[in-house]
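**Student:** As a plain string of letters, each chain reads:
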Amino acid sequence: MMEASSTVSQSFEAFAGRVRSHIEVGARFAGLMASANGPATELLAVLSQSGSLVAERTALPEGVWQYPSLTPDIPSAGWYEREIFDLFGVAASGRYPLEPLVLPLASGAGRPRPGSGEELPFVTLDPRAPMTRLNGEGVFTMSYGPVRSGVFEAIEYIVETPGEDIPSLNLRVSYKHRGVEKAFEGLSVDDGVLLAERYEGVASVAHALAYCGAVEQIADVTVPMQAGFVRVLHAELERIVNHLDTVIRHVEAAGQAVAFSRFSLHKERVQRLRARLCGSRFGRGVVVVGGVSGPPAIPPTHLLLDLDEIEAELARDTKLLMSTPSFLDRLRGTGVLSPMTVREYGALGPVARGSGMLEDVRFARPYAAYGRLGHGLLDVLGEGDALARQKVRIQEIDGAFGLIRRAVEELNEFGGPADGKWFVPFSSVSGDALGWSEAPQGELLTWVQVRDGILTRVKPRSASFHNLAMFPFAFPKDILTDFAFIEASFGLSIAGVAG
Amino acid sequence: MSGDLIELALACFFVGAVIDVVFGVTNRMVRSLPYLLGLVGSACLLALGIRATSSRPVNMNFTLLSGSGLHALQIDQLSGLFLTLLFGLSIAISACFVSWVMPANREYHRGSALGYLLLLASVAVILCASNAFLFLFSWELLTLSFYVLTSVTRSSPRQTGAAWSTVGMGKFGGAALLLGFLMLAGRTGSLNLESWHAVGPGALLDVTWVLVIVGFGVKLGVVPFQVWIPRGYPAAPGPARAAMAGVAANVGVYGLWRLLGILRGPPEWLVIGVLLCGGVTALLGITFAGVQSGLARVVAYSSIENAGLILTAYGLALTGSAIHSTALIALGLLAATLQTCAHAVAKSALFVSLANVEAAEGSDDLDQLRGVGRRMPWSGATFGAGALALAGLPPTIGFASEWFILEALMQQFRVTDLPLRLGLAVAAALVALTTGLAALVFLRVLALTFLGKTPTKLERHREHGILNKVGLSILVLGCSLGAALSPLEVRYIASGLKPIVPRAITLGATKSPWVLQPVFSGFSIISPSWLWVILPIAILTVFLATLLFSRGRFLRVRRVPPWRSATSGVNGPSNYTAFGFANPLRHVLGNVLGTTKTVSTYEEEESLESSKASRVQSTVVVVEPVETYIYRPLRQAVVTVARIAKRLQSGRLNAYVAYMLVALLAVLAVVAAIR
Amino acid sequence: MPWIPRGLRNGIVTSGYPRTPDGYGAGFRGTVEVNPDRAAQVTDDVMNACPTHAITVEDKQIQLDRGKCVLCGRCVNMVPQVFRFSESFATSDLHRRSLVVPSLKEGAVALDAVRDSLARRVKSLRRSIHVRHVDGGSDGADEWEVAALTNPIYDVQRLGIYFTASPRHADVLLVTGAGAAGMAESLQHTFEVMPEPKVVIAAGVEAISGGLLADGYVTREGIASVLNVDVYVPGSPASPFGLLHGLLMAVNLLPPTKRAIGSEDCSSPTTWERT
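Chains as they are written, first to last, in this note's numbering: chain A, 1 to 499; chain B, 1 to 675; chain C, 1 to 275.
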């Protein structure tokens with residue numbers, strides 16, 4: 001695995017200057033994370049320079065509760081600064097007052113400050129209605145969520161509208177903030193995987209991979225090659241099932257009852273296959289620190305047959321769906337993201353790839369066994385509409401089947417590890433590192449700090465954190481009836497944003 | 001006796017006007033006196049109308065006003081029909097007016113009563129005039145009364161503009177009538193209206209037809225002469241709008257009916273023109289009514305829509321006249337008259353209740369008036385009844401009349417002439433679209449504004465005056481229960497239309513005493529009266545069944561806060577605004593409305609975290625095509641010509657003498673050349 | 001149009017549950033079973049290894065709290081003689097205490113009383129049950145499992161169970177997630193606007209006990225700290241069959257003699273020996 005190159009700046013100004021200079025030469029802003037180190041607050045900015053990560057670090061000393069905001073130059077830093085204020089009480093000062101993002105607390109209330117190791121008693125929330133920002137004749141505010149039609153995660157979309165158009169959209173993601181980052185504190189490295197898997201349940205494998213990747217970097221262990229294949233197998237099954245879920249959401253919004261049944265059936269079959277492979281419908285418990293818990297429970301030859309059957313049925317339905325005009329018409333030209341927005345907000349995953357930004361962590365910074373398995377290139381789709389995002393996902397499903405087949409074949413060829421151990425045990429470690437993986441939603445980063453085998457700070461950064469921040473800008477010409485399609489095409493996971 | 005009634009009425013109006021001018025507006029009791037006199041006068045004219053409709057034409061024998069030129073008043077059944085309708089309404093309007101002017105804090109101006117009574121008087125004289133001079137004279141008086149009414153409250157420059165456009169268009173219509181009447185008088189040598197029957201077909205008759213349709217069309221608000229209506233009506237004070245829209249505008253209808261009974265049939269191209277013009281007027285009117293944000297303008301635009309509907313049905317009558325089918329004339333006129341009645345009653349109801357609402361709330365903005373129906377139950381119920389009637393929903397009178405118009409237009413298969421058939425088909429399509437949109441437009445006003453929920457419970461307004469309640473009740477009953485009596489109404493109209501078509505033919509519309517059909521039998525039938533029996537029974541049955549099956553649980557209601565997606569609260573109005581509700585209309589009919597939407601973002605000091613889109617400004621503009629593409633260039637041209645002409649006015653005597661010399665020479669040259 | 005034959009392609013895939021047992025579950029971790037005779041083998045190491053402290057031993061009696069068990073399988077790996085995975089999904093119960101296995105005899109009477117009172121309450125909901133799902137702070141996987149109930153395999157509509165948009169039409173409030181503080185008000189409001197009779201189901205160990213997130217700064221012990229729960233559906237996340245079992249239990253529609261269809265009685269030692 002590649003280490004992220006890391007620089008520590010003594011002052012925030014130097015830190016901000018370095019971050020800006022990276023952005024100026026075309027780096028993508030991939031994250032701003034914080035960790036409480038006693039009364040001080042460490043800051044870690046992550047940038048992606050043509051696929052490889054650059055980490056910039058600094059620390060705000062005790063008593064410093066403000067720093068100059070990065071948002072005016074780097075729009076995608078906005079949500080990070082709001083999150084850091086909510087969790088640490090350290091405010092980005094600038095021209096913009098900070099609205100709460102994940103944790104609305106009254107000013108002066110105690111903050112969780114993950115990393116500090118201090119307990120925070122049960123808090124009293126202070127939810128304030130967000131400011132309106134639309135002026136004009138007859139405009140009104142519609143709230144959509146947190147309990148809305150259908151089985152969805154809790155989030156509130158606040159639409160300000162003069163009718164059906166969506167000139168202004170505001171989000172409130174704080175409803176389902178669970179305080180997971182704080183819950184990591186004090187866990188053993190092994191227990192950490194369980195929690196990482198539940199940070200964003202639909203991407204359990206990807207989270208476990210990013211988390212374990214970081215821990216394995218700290219412990220400096222090499223995962224057995226066969227374990228890498230098993231990791232790819234589960235990660236790609238997860239990708240298929242997530243992408244199928246977006247297809248289901250699309251066809252449900254389009255009222256295509258038969259297609260809905262068909263794709264739900266395919267998704268359920270993949271879920272059942274995953275359960276047969278490892279006992280969990282979400283691939284939980286497979287990835288452990290240092291490797292995997294064991295080989296797939298189905299012999300490779302059977303597995304390949306099952307896969308063939310699912311893939312053939314799925315391909316037939318996908319082909320029909322992508323030639324159904326009443327479906328395509330709802331997606332074409334819907335929810336177009338301008339290339340500038342995609343760049344400014346650092347879009348990730350299929351959302352970015354639908355707008356022509358092809359970066360894929362699996363191949364840019366290979367982890368698990370992706371390096372060995374090679375990769376299929378995507379067709380470049382730059383339309384940036386819901387249809388382009390959907391086409392990307394369909395291509396990725398194809399690619400995932402290919403990767404799984406190669407991984408299973410390799411596994412078949414190499415057999416189990418020579419010593420029979422599917423994971424490398426290691427003694428207690430200390431240090432910190434950044435792990436990554438390509439979740440179905442896009443690039444996933446996890447920052448892990450360990451002291452003597454006990455976690456002090458784990459900060460997963462879900463791809464939805466970037467994509468959801470960009471969501472309000474996906475309605476240039478669209479009206480309320482397009483909402484379901486655009487939301488589905490983003491394939492968002494709210495749990496990963498609210499934390 | 002008949003003469004006495006009309007004399008008494010005119011005397012009441014005159015005395016009332018004098019009281020208004022002399023004693024002014026200071027005393028509340030005195031203020032209301034002219035309207036009481038208006039009420040009495042209206043009652044006299046109503047009695048006269050009822051008598052005239054049911055008997056043969058009567059000539060007036062005056063005792064008081066002999067030798068005043070009023071000897072040319074003659075009342076036949078048609079006059080009687082319109083007298084009955086219009087002065088029946090003006091009783092209700094006057095009653096509401098009395099209560100409206102009473103409160104001490106009412107913004108009230110001297111001249112309102114003058115304008116109102118002048119309007120009533122001139123309408124009465126027009127309806128009874130048998131001679132062109134008297135007709136045109138009172139027509140001009142009517143225009144004058146409109147000017148007075150639209151200019152009494154001069155609170156803003158816009159108001160002045162409204163008054164000028166009202167009087168300007170009124171003058172234009174009057175001029176067209178004058179020209180048309182003079183051409184007819186010139187050909188026959190008589191000012192007596194009846195004598196114009198002698199004018200034979202030819203270019204002169206065709207041109208006259210165009211002129212009188214334009215003249216009366218201006219009063220009705222037919223495209224492209226509708227521009228004054230959405231300004232003029234809202235400019236008038238309170239219930240006076242009802243008098244303008246519900247009473248005075250209908251003399252335009254009367255004029256059209258009268259001339260159809262006198263003149264020979266119009267040319268075919270004009271018939272098609274009238275049909276299309278009617279259809280376009282209806283659609284344009286209702287489309288713009290749907291996107292207005294002021295209630296007065298919504299109601300005003302709906303007048304334009306109804307003018308279109310009436311004109312379309314009139315076009316069918318003209319078709320009948322062109323192809324010499326008396327049954328078709330009867331059908332067209334019957335449908336149009338039913339619509340006229342429905343519109344007059346409903347429009348009066350809307351404007352009268354709107355006057356109360358506006359007075360109590362100080363605004364006519366749809367979004368600000370949210371929930372006003374709950375705060376003012378009397379006015380709210382009246383507005384609701386009027387709105388449902390104009391939306392054409394059963395079981396109101398609007399349903400019966402719009403059904404008649406649609407059924408009438410479907411008779412186009414009886415016309416063999418292809419262009420006429422096409423014209424009828426297009427008009428029918430436009431009317432069908434219009435009636436559908438009308439339901440949408442009035443639903444918006446009713447559901448979002450009158451019955452809409454307010455975030456906080458607001459206090460009820462006191463609704464003053466017993467007379468107000470009487471007037472409102474008359475109008476509500478007219479809008480609703482009137483439908484139950486529509487077979488009787490049809491019979492009454494058949495009597496009234498006797499001077500144009502024989503009563504027996506019009507009565508073909510009654511299949512049996514309580515069942516109506518579009519004159520031609522075997523096409524379709526309807527019984528609005530039966531609806532009044534069956535609908536309450538159906539509702540009651542459903543209610544009782546629910547009660548029975550729920551074993552009374554239906555009545556035990558547990559009240560919980562409204563369900564709004566469990567949000568912990570948002571800023572800004574959280575209900576659909578009336579403006580927002582009209583958004584699909586602005587979007588779908590964007591071609592008619594010329595909709596442009598712009599969304600712009602700008603930075604503001606106090607703002608959100610994002611560097612983008614700190615504040616968003618949304619602007620939606622609609623463009624009135626007639627005003628923008630006809631009147632604005634026209635006005636520009638007129639102003640330019642006037643500026644050029646102004647150069648001639650140098651103020652020097654010698655220059656003027658020179659002009660006269662040149663003019664004299666030119667005339668001499670022309671005379672010499674002709675010789 | 002071409003979709004119509006496509007819908008007929010695979011024939012009937014729908015499960016017969018609850019009328020007939022469903023064969024699904026090969027290798028699936030439905031729940032953890034306990035062999036109560038081997039209490040001696042459960043050392044402190046085993047108890048401490050459990051990430052949610054679901055295992056206790058008192059007076060030589062092993063107690064496994066299924067309301068806390070996240071099915072990580074550590075105990076199964078450490079002492080397979082005592083703990084093992086079972087494919088059973090019929091683990092829902094009406095009483096928080098009853099989730100602790102092996103069940104205590106004295107709990108059975110209390111449970112019957114609860115069952116009777118719930119049965120009386122939901123008598124009017126026989127054939128048409130409308131469910132409103134609310135996310136009370138889940139990880140997102142729970143929503144997938146709830147949504148899976150509408151797929152052709154589970155197809156809950158065949159049982160007269162429908163998901164409804166408005167709580168005004170709902171009979172059952174199905175809550176997933178750890179009961180995050182931010183959702184407390186929304187959950188209460190949703191419950192309040194539901195018509196009587198109403199039933200609350202807590203789905204998944206996070207909803208039941210908070211799971212790994214118990215006692216944080218925004219989470220306490222699942223949604224029980226916000227609402228009165230009627231039915232508990234364990235699982236991490238609760239599987240579709242588990243949810244179905246819980247829903248049927250909530251409206252008293254489980255066939256009485258086959259209450260444990262698809263599973264053996266998990267706490268019975270005789271069953272343990274047979275395998």
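If you are wondering where the hints come from, they were derived from the structure by calculation, not from laboratory data.
Careful, some of the hints might be misleading.
With beta-carbon atoms standing in for the labels, derived distance ranges [said to hold, decoys possible]:
#1 PRO562(B) x GLN81(C): 54 to 62 angstroms
#2 GLN10(A) x GLU58(C): 29 to 37 angstroms
#3 PHE543(B) x THR20(C): 51 to 59 angstroms
#4 PHE426(A) x ARG38(C): 28 to 36 angstroms
#5 THR596(B) x VAL380(A): 32 to 40 angstroms
#6 LYS319(A) x PHE523(B): 25 to 33 angstroms
#7 LYS319(A) x PRO562(B): 56 to 64 angstroms
#8 PRO2(C) x VAL380(A): 41 to 49 angstroms
#9 HIS587(B) x ARG332(A): 18 to 26 angstroms
#10 LEU304(A) x THR20(C): 25 to 33 angstroms
#11 LEU8(C) x GLU409(A): 50 to 58 angstroms
#12 LEU304(A) x ASP37(C): 41 to 49 angstroms
#13 THR164(C) x VAL380(A): 40 to 48 angstroms
#14 GLN81(C) x GLU409(A): 36 to 44 angstroms
Some chain C residues flagged as far from chain B (calculated, every beta-carbon gap over 12 angstroms) [to be verified]:
#15 GLY11
#16 THR20
#17 GLY182
#18 MET194
#19 GLU196
Note that beta-carbon positions come from the ideal geometry of N, C-alpha and C, so glycine has one too.
**Student:** For each hint, tell me whether it holds in the structure or not.
**Tutor:** Status of each hint after checking the structure:
1. PRO562(B) x GLN81(C): 54 to 62 angstroms: Because 58 angstroms falls inside the window, the suggested range holds.
2. GLN10(A) x GLU58(C): 29 to 37 angstroms: Since GLN10(A) and GLU58(C) have Cβ atoms about 56 angstroms apart, the given range 29 to 37 angstroms is violated.
3. PHE543(B) x THR20(C): 51 to 59 angstroms: violated (45 angstroms)
4. PHE426(A) x ARG38(C): 28 to 36 angstroms: At roughly 31 angstroms between Cβ atoms, ARG38(C) and PHE426(A) fall inside 28 to 36 angstroms, so the hint holds.
5. THR596(B) x VAL380(A): 32 to 40 angstroms: 36 angstroms Cβ-Cβ, so the 32 to 40 angstroms window holds.
6. LYS319(A) x PHE523(B): 25 to 33 angstroms: violated (54 angstroms)
7. LYS319(A) x PRO562(B): 56 to 64 angstroms: Roughly 46 angstroms apart at Cβ, these two residues miss the hinted range, so it is violated.
8. PRO2(C) x VAL380(A): 41 to 49 angstroms: violated (30 angstroms)
9. HIS587(B) x ARG332(A): 18 to 26 angstroms: holds (19 angstroms)
10. LEU304(A) x THR20(C): 25 to 33 angstroms: holds (32 angstroms)
11. LEU8(C) x GLU409(A): 50 to 58 angstroms: violated (35 angstroms)
12. LEU304(A) x ASP37(C): 41 to 49 angstroms: Holds, at about 43 angstroms.
13. THR164(C) x VAL380(A): 40 to 48 angstroms: holds (43 angstroms)
14. GLN81(C) x GLU409(A): 36 to 44 angstroms: This hint holds: roughly 37 angstroms between Cβ atoms.
15. GLY11: Holds, because the least Cβ-Cβ distance between GLY11(C) and chain B comes to about 40 angstroms, which exceeds 12 angstroms.
16. THR20: holds (35 angstroms)
17. GLY182: With a cut-off of 12 angstroms, GLY182(C) comes too close to chain B, as the shortest Cβ separation is near 8 angstroms.
18. MET194: The claim is violated: MET194(C) sits with its nearest Cβ about 9 angstroms from chain B, within 12 angstroms.
19. GLU196: violated (8 angstroms)
Hints 2, 3, 6, 7, 8, 11, 17, 18, 19 from the list above are not met by this structure, while the remaining hints are.
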